[in-house]
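Number of protein chains: 2
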Amino acid sequence: MPLSWDQPIMEELRMVEEEIIRNTRSDEPLLTEIAMHAVSSGGKRMRPGIALLSFKAVGGTDLQKTVMVAAAFELIHSATLVHDDINDGAHTRRGTIAAYRKYGTQRALIAGDFLFVRGFRLGGLIQSEDVVEMVAEACSQMAESEMLQTVVEHDVALPFETYIRIITGKTAKPIEASAQVGTYLGGGTLDQIAGMSSFGLNIGLAFQIVDDILDISGKEKDIGKKRGMDIFDGKANLPLLIAMQDHYPNSDRLRKIYEKDEKTEEEVEEAITIVKSTDALEVAMNHARDLQHKSLKGLETLPESEFKDALRLLADTVLMRDR
Amino acid sequence: MPLSWDQPIMEELRMVEEEIIRNTRSDEPLLTEIAMHAVSSGGKRMRPGIALLSFKAVGGTDLQKTVMVAAAFELIHSATLVHDDINDGAHTRRGTIAAYRKYGTQRALIAGDFLFVRGFRLGGLIQSEDVVEMVAEACSQMAESEMLQTVVEHDVALPFETYIRIITGKTAKPIEASAQVGTYLGGGTLDQIAGMSSFGLNIGLAFQIVDDILDISGKEKDIGKKRGMDIFDGKANLPLLIAMQDHYPNSDRLRKIYEKDEKTEEEVEEAITIVKSTDALEVAMNHARDLQHKSLKGLETLPESEFKDALRLLADTVLMRDR
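Sequence order for the protein chains is A and B. Positions 45 to 367 (our numbering) are the ones given, in order, by the first sequence. Positions 45 to 367 (our numbering) are the ones given, in order, by the second sequence.
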């Protein structure tokens, strides 16, 4: 059993890291600097990790294309984070100052576009129609769900289905695509590609729900940003949506705070306290656990290997993380 | 001789238009709406036009890939315009309200990202490493030059070389890439690819200089936006840079206005009047004319045809346009 999910692919992740850094370089020093700031904010590299483990788990050997597409996923992911932070007015990202706070909105916007270009360049260089479609489909759905998110902001009675649709596009689809592309490039069977897509999709959903939970109950020094940002921004957040349901105590007060356009820090703290006083965090965690169980079923299509073990470990880590 | 540069490729441009519109569709109606707003602001479709004419001029026959990449160029161009307008605080684009003014900054930013994704998807589907590199290189240089532009804003003594570097990346490179890709996909010789690259690059530079001139002397109803925006934003603009040179009358006053962070409408009008009182517009136009002559040399690699005639006409139109 590997000690951590990334242990069997340390060398490969290092290659991805090099590919990422190579692709932040430009003739404009400031652009390179902002791009580097964005990609080196200490992310978990989960998307590249899942792509590499899926590739290895189905016996893939010619690593080069998978390294390229894994780097592409991370570059595109970084691009969306830079743009998301502009849109959310976020102060920090993973404990580091958000790019647009450090360099200004204009420059961060340009650097985000640049990271998109460099990510799609790598994706396109693989010269596989299937890979281009998988990457583009995930990215299109990301944009769709971000747009949907702006439409339902501050909605106190957001249906569970809409919530799932949002987090599917926003978080789960890119993780699904990473698993899918890795399995595909590793020469996996159609059955394995379907299984690993399901693994990625469900573990992605679980990941986002845990993110929602941490937004409410995490320690700020662990999560690297202020708590209660979803409440503050009026963003869909599962424990919050649960606790706003009619039959929950103080749900009327919670809804009042949530639907306000402007909130004070005290109101956000009050909302957090209300959510915590209910079983909403527990109910949300049970959802995440169910999704994690579902994700493990997808692994059944894989032969036993240290890479499959690592994918199991990764699925555990998603639930147990505190940041 | 064709009546207008787009006359011999009307049918092909219609195919590109369909491809563009197909690629604005998404499952999120609001996203589709903003994407449509962005691509249908009545642009000149110069990039697709140049790609198609180059393709035809070297005898290309299998049109499909060129239609795809021509649509890709236009989708990416629209994406950058949406993001540029956010960065510039522009009110209108080609006479139509800027996307971010109509839909808000957040949504425009997301829609721009979406158009990028859809453009790069089309570019990647062609499955040519060369084409991906040409498109990505042009886009990287676009980002680099936009970044450089933010660095030199309000610089009253910008060297001519830096100005050329900015407009090369911002405007000329994507037009060069359109010509290059069209010639390449049409099966042109290396000589023809080099010739058409030079055509695209130089006509792109001339185009931007005419844009700069129109920003100062154009009619607002023709250019579809307020006059003097470059002065207002402190952007590099050739006639302005010329008139700010020491030996020009009132150049000190012009520099004073230009380097201000905040300017009144009266000051912008005063600056326009000063520039117009000099020969700066004429000097700039001579630069544009030189570049146009240089661009025509690139056409010498092509055999005579109605498509070559159309490219000549296009080069004339670039100089004679009033919008």
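Because the hints were derived from the structure by calculation, they are not lab data. One thing to keep in mind: the hints can contain errors.
All copies of an identical chain are treated as equivalent in the list; a pair is satisfied when it fits inside any one copy or across any two copies.
Once the Cα atoms are required to be at most 30 Å apart in a straight line, the calculated BS3-like pairs of lysine-lysine come out as [said to hold, decoys possible]: (1) LYS279 - LYS146; (2) LYS146 - LYS300; (3) LYS341 - LYS300.
Here is what the structure says about each hint:
no.: 1; hint: LYS279 - LYS146; in the structure: both (24 Å within a copy, 22 Å between copies)
no.: 2; hint: LYS146 - LYS300; in the structure: between (34 Å within a copy, 29 Å between copies)
no.: 3; hint: LYS341 - LYS300; in the structure: neither (41 Å within a copy, 69 Å between copies)
Figure legend: structure checked against the earlier numbered hints; the only hint not met is number 3.
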